[in-house]
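> For reference, the chains in residue letters:
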Amino acid sequence: MSLRALWIVSNERGQNASVRFSRMFATVEHRAKILAGSSYVAVPEESIVLQLLLTELGLSDPNKSYVALRDDCLHHQRSPALELHINSPERGVLWPVLAISQGPLILACLPLVDAPAEPRPPLASLLSISQGLTFLAGVQSFLLGSGGKPDSEGLASRLAMLPSVLLQVCPLGTPLDVPLLGQPAAPAVPTSVGNQKLPAWKTGLHRGRAVVNVALIETVRSMQYGNQSRQDLWDVYVTLTLPPNGSPLQDILVHPCVTSLDSNILTSNSVDNYDGSAFSGPYKFPFSPPMEPFRLCSYTSQVPVPPILGSYHLREEKNQLHVSVTFKLHESVKNNFEYCEAHLPFFNRNQMGNVDVKVSSGQLDVSKEKNLLVWGLGQKFPKFREVTMEGTISFSGSTPGPSDPLCTELTAYIKLYFKVADMTLSGCCVDQHSVQVYSSAKPRIVTSRDLISKDYFIWNSTGSAPVSSGQIML
Amino acid sequence: HRAIMAANWVERISAFSCSPSRFLCGSTAEAFLAELLCELRQDRATYSVKVLLLSPLCEHPNLLCPTDSLGEETALELMSMFVQCPPKFVQFGCRLLLALTSVLVCSCCVSIHSRASQDFLDLLLQIAQDTSDLYSDGAVRPLRVTACDCLRELEACSPGLLSQRLELLSGLRQREPSHLHQAYTGLHTLVLRNAVYQLTQEPDAGAQHLKALLGGNTTVAWEAEQDLVPIDNKDSAVLSSLTLGPMGTVPTLQTGPDCKELRSILSSLLEESYLLTPLCQAALLHRLTEVVAMVPAVPPSVFRAQLLRLLGTSEVCLLHATLLMKCAFTDSLFSAEDEAFMLKRLVALSQHPLLGTPEKLFYMDCILHFPENRPIGCSDGDETLPVLLTPRLASAIVPTVFNDSATMLARLNLLSMVCLEEGEEGEEGKGIAYLYEHLTSLLHILENGGSREIVVTFFRAAFLFLFYFCHIERYASSLVGKLCNLYLCHTNLAPHLINLVDQTQDKLTESNWAVELLKALQGVITEAPFTKLTLHDLSWHLKMLARVAEEGQIPQHSTLRFLSGVITSSSSSLCASGNWRLGNGLLGVCCCLLVHPALDSLLIPLADILQHLTCHYRDTDIQDHARLYYAILTTLSREKIAGVNLNLYDAESCPGEANAAMEIFSIRLHFNLTDNHYEELSDISVPCLFRERPSPKVSLRLKPRRPYPTTLHASAIFTTQDGLSWLTVLPDIYVTFQQVFLSPPMSPAWGRNSKLSLFEGLWEEIHSGSGEDSSDYVTSLFCCQLKEAGLLALVKEHFLPFLISDLRAKEDFKVLLFLPPQSHVLLHIGSKEDAVHFDIATDNWHLLPHISSYLLTFQSTRGAAALH
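Protein chains in written order, with my numbering: chain A, 1 to 474; chain B, 1 to 868.
No wet-lab data here; the hints were simulated from the structure. Positions of the beta carbon are idealized from the N, C-alpha and C atoms, including for glycine. There may be inaccurate statements among the hints.
Unchecked claim - Examples of chain B residues toward chain A, derived with CB under 10 Å:
#1 L756
#2 S757
#3 E760
Claimed, not checked - Dumping the calculated DSS-like pairs for lysine-lysine here, alpha-carbon to alpha-carbon at most 27 Å:
#4 B:K88 - A:K202
#5 A:K197 - B:K543
#6 A:K64 - B:K482
#7 A:K442 - A:K197
#8 A:K64 - B:K260
What the hints assert, rightly or not - Derived DEER-like restraints, expressed as beta-carbon distance ranges:
#9 A:G92 - B:S335: 41 to 49 Å
#10 A:L159 - B:L727: 18 to 26 Å
#11 A:S39 - B:T711: 43 to 51 Å
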């Protein structure tokens with residue numbers, strides 16, 4: 001349940017990879033040596049680890065199309081644990097190296113295998129694996145913040161804080177907690193009142209106005225093919241910060257600060273047959289909140305129709321592309337968007353020349369160098385809840401536009417970006433009056449709910465969509 | 001000054017941690033340690049620098065303190081620093097404790113219970129018990145946490161170390177009101193687990209012993225405290241987690257039903273478990289799972305109250321700890337409904353939009369190692385499908401082209417297993433059809449020029465598909481066709497295809513798919529019209545055909561036709577271009593064909609190709625190799641060719657040792673003159689080098705313009721089996737003066753008298769200065785001390801081939817040396833009373849210095865001499 005080493009690597013656009021931070025945990029290494037006996041493989045120096053890590057992640061030699069060590073088809077890329085094949089000073093395989101990468105950063109650690117080394121134990125039997133994953137994810141969000149993209153100065157200052165952060169959360173290689181965002185180093189430590197102990201993760205006292213802010217965000221994904229043989233897909237997943245009472249929620253995952261759960265809440269599952277008899281709320285979550293904003297619970301839900309039904313038809317005629325698009329807003333969806341935009345990219349063609357396209361509502365922006373049409377639908381659909389686009393585009397430019405291996409010939413998509421305030425598709429909501437706070441201070445309760453889109457695709461029905469639906473095949 | 005010093009240390013410490021070995025090259029570990037300790041002791045450095053100075057001791061204590069005595073000394077120093085550390089530098093104090101732990105553990109002081117480690121343990125326990133900070137501002141509280149962490153690590157490295165303190169630690173945990181209770185809980189749990197393990201190893205231990213241990217009253221149960229021997233931590237078993245589940249054998253402690261004390265401790269720990277961070281909670285649950293597994297008297301149901309909370313968690317480590325719990329207790333804690341729920345949850349989490357890729361991969365791994373309540377058979381760590389994973393359930397994680405590579409491959413692997421299982425039970429499912437369609441979608445992306453990552457992913461997916469389904473003829477042959485088409489459009493995929501062929505051949509030994517693919521590739525390559533063939537494609541085709549030629553089962557006539565066509569066709573300017581790389585590619589194919597089992601039927605066309613290359617390829621290296629192969633082909637027997645090449649393959653198959661075992665086909669020697677006394681030398685090829693035969697001798701034939709000694713520079717060019725050419729410089733070759741000596745061109749029919757008259761005639765001509773080039777004539781005298789026998793030996797040794805007079809005339813020798821192209825040296829050697837006289841006459845006075853230094857070589861061994 002410990003880590004032998006931790007590395008943080010930056011790899012800007014595949015160039016100039018360097019180790020920005022590393023930490024060896026000597027006492028854990030000492031244990032690793034005893035545990036592994038003759039099959040012990042020492043942790044090499046960081047420059048060697050860097051090279052091996054890049055090779056294993058397929059990032060080394062970006063200009064070479066084939067490198068045997070990197071590209072072997074036998075490589076088990078599907079495991080979360082990498083093998084680093086060391087050649088010098090001694091041959092050996094360093095396993096299991098966990099690595100996560102986001103943007104320019106690669107974070108890696110080597111969990112201790114506290115089981116007999118031969119035969120190699122399954123990952124699932126080593127608690128240090130899930131601990132390593134949790135810890136890496138925590139360090140990642142500490143370094144990159146929730147936005148995921150800090151400037152280089154911000155990153156440098158957080159890296160500089162890491163030694164003192166590790167002193168608290170992982171002093172000797174056994175991770176105790178993930179680094180806390182926002183509030184570094186020794187805050188005032190509360191002690192309990194009476195016999196009630198305080199959670200270890202509540203490291204400070206709240207100062208300021210007593211406000212409970214509950215935000216419910218539903219995210220909708222969709223794949224619409226407009227084709228008989230392909231089943232359209234959509235599902236909803238949600239991050240909410242307090243329980244609703246509404247339609248059945250599935251795959252509920254709760255934050256560890258939730259102290260108890262009703263077994264009915266957990267029964268409904270998206271991967272199973274929904275038999276209609278499932279629990280339908282109310283969902284109650286007693287919890288003791290940590291100091292920082294957190295995700296109390298998440299759920300998925302299956303709704304009968306997509307909020308916006310789209311149809312997309314392309315027709316190639318005489319060096320021109322004839323475009324025809326319709327969007328219908330479902331009647332259950334509030335016709336009041338914070339934003340709603342449709343993006344129509346065209347790949348593997350020359351740059352656009354003449355664009356003769358009319359929209360029934362909203363505004364059309366043409367970006368000729370990107371071969372992209374952006375259709376701003378504004379805040380409202382018209383009364384009859386339907387909008388259309390019709391017209392022709394000629395790709396008569398002399399230079400080639402952007403390319404994409406997926407979208408060749410008539411394979412093309414529209415991607416929708418929208419946000420609707422004060423509504424959810426599942427009907428899930430947080431009852432402001434049911435938020436009970438056991439506190440001497442009377443906090444103000446604020447609740448909100450939003451519906452936003454993510455990966456909302458409408459594929460051209462006259463082209464071959466690049467996927468088929470698994471459900472109907474199996 | 002301080003700032004400079006600090007910056008200097010920052011640089012040095014970072015250089016050390018970057019590469020300790022390189023850093024210590026410039027210094028010794030001892031010196032560096034002394035420097036660190038000295039700087040830490042003094043007051044020059046700020047505490048933030050001092051914190052930095054401790055990091056080498058924390059991270060690499062075994063480099064700096066390789067022996068226990070050095071560890072002991074260093075620890076004593078650090079402890080005295082700790083005592084003197086002002087209370088306000090808490091961070092430094094904490095790091096001192098960490099450094100002490102690292103040094104003492106890694107130098108094995110802890111395991112041998114050294115004096116310093118005992119003192120340190122006492123110090124830590126003292127800090128852990130000092131709760132005075134609760135009533136002050138809490139500034140030194142981090143010290144208490146760190147002390148607990150250090151104690152936990154010491155216990156982890158030397159299990160049983162704190163067994164006797166169990167009651168103390170339990171009390172500290174229960175009484176701690178601040179959030180520090182987590183540190184005490186972690187420490188207490190580990191010590192409890194190790195103490196119980198320790199008891200399981202005692203043959204007679206039972207309920208009383210356990211009770212005594214928990215009560216801190218060990219002396220009651222044991223007559224002497226020493227009876228409970230600390231576990232030998234050189235034995236790795238004690239450091240391991242217990243292997244829970246059907247494969248594991250858990251040591252047990254028989255206590256009888258009465259286990260009140262242990263139960264109450266367990267329930268108190270579990271009741272407060274939700275107060276811990278997920279990471280600590282997971283560790284706690286796992287340790288307690290081990291304890292309950294070791295003590296059968298405690299029912300697993302102690303965990304029941306926690307289960308719902310754990311099953312609903314969003315934290316990967318908590319769910320994992322729950323899975324391990326299920327592994328240990330199966331249906332004594334988890335009902336069939338729980339089991340079904342957990343599996344569905346794992347499937348849902350494997351594709352949950354909020355989770356990152358590594359977590360999803362981990363959950364898929366957990367599905368394939370799902371701890372079933374009633375496992376069928378004992379899978380020893382291999383991936384197996386849980387019985388409850390129905391195709392319908394698995395359909396939630398079908399691979400799609402929108403997945404990232406790793407997720408897609410993991411899904412493909414899992415779904416393939418599901419389909420395979422289905423296929424065994426009934427009709428060949430739609431599932432496989434879906435997976436094949438998915439594979440072709442990927443292939444389609446490649447055809448449209450996918451990125452390098454997608455290319456690599458496709459070939460991995462193809463291997464996985466073949467791994468499971470290569471026995472299904474329909475898909476196997478369809479894939480062959482699609483790969484051939486792909487190759488024709490993207491010949492640069494040749495290395496990937498060859499890799500796929502190699503791996504399928506190696507891993508799927510029962511399948512002939514790899515050969516089928518190669519045959520088909522040979523077909524599409526050789527049947528395509530030459531007119532469209534670019535040099536770029538040709539170079540990949542040659543690589544591919546070389547691989548095809550390695551297969552004995554595949555007829556090679558079409559390959560030969562192709563090669564022949566490529567080099568002879570009128571549209572091809574290949575031979576004229578003399579492109580070395582392509583030539584090497586051509587030879588690579590030929591080389592493989594030389595060992596093809598059907599070589600007999602290939603003999604003539606192959607010989608024709610090699611001969612054509614020998615004569616027409618405008619690169620001498622290629623020509624020479626072609627000539628060599630031709631020679632091998634036409635002169636050696638089949639068995640011998642196989643022998644030659646087998647050696648080469650051995651060398652190739654282990655690339656690591658390739659350099660050591662390098663086999664060389666032929667060497668081309670090249671010479672450079674250092675002056676213009678000789679004609680230019682042409683290169684010499686040394687063919688057919690065989691390890692087991694004596695190395696061939698090479699004679700150099702020099703043609704002097706002037707018969708002077710000289711030096712030749714020499715180099716060798718050779719080609720190894722991997723097709724690389726190497727150039728190496730050989731030692732210089734010295735041509736001495738005497739190596740230029742020849743006998744004058746005389747008819748062999750001449751008798752001694754005729755030769756003597758020639759000598760006399762020349763002698764007379766030179767002395768009289770009457771010839772055509774008489775300006776070059778010169779005579780001289782060289783003397784040296786020699787006995788009569790010595791003279792005879794000298795003449796025999798050096799001048800016998802050039803001797804004109806009779807050897808028996810022991811006092812008068814006449815020697816005639818011819819130095820090409822047209823110089824002569826005549827020696828009249830005779831013993832006089834004081835010395836041996838060498839009378840010299842030559843028609844080239846330029847030679848005199850060389851004659852002199854040559855004759856002086858006799859002097860060095862035979863005494864004084866003089867040249868007049």
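> Determine which of the earlier numbered hints do not hold for this structure and return their numbers in increasing order.
Per hint list: 1, 2, 3, 5, 8, 10, 11 violated.
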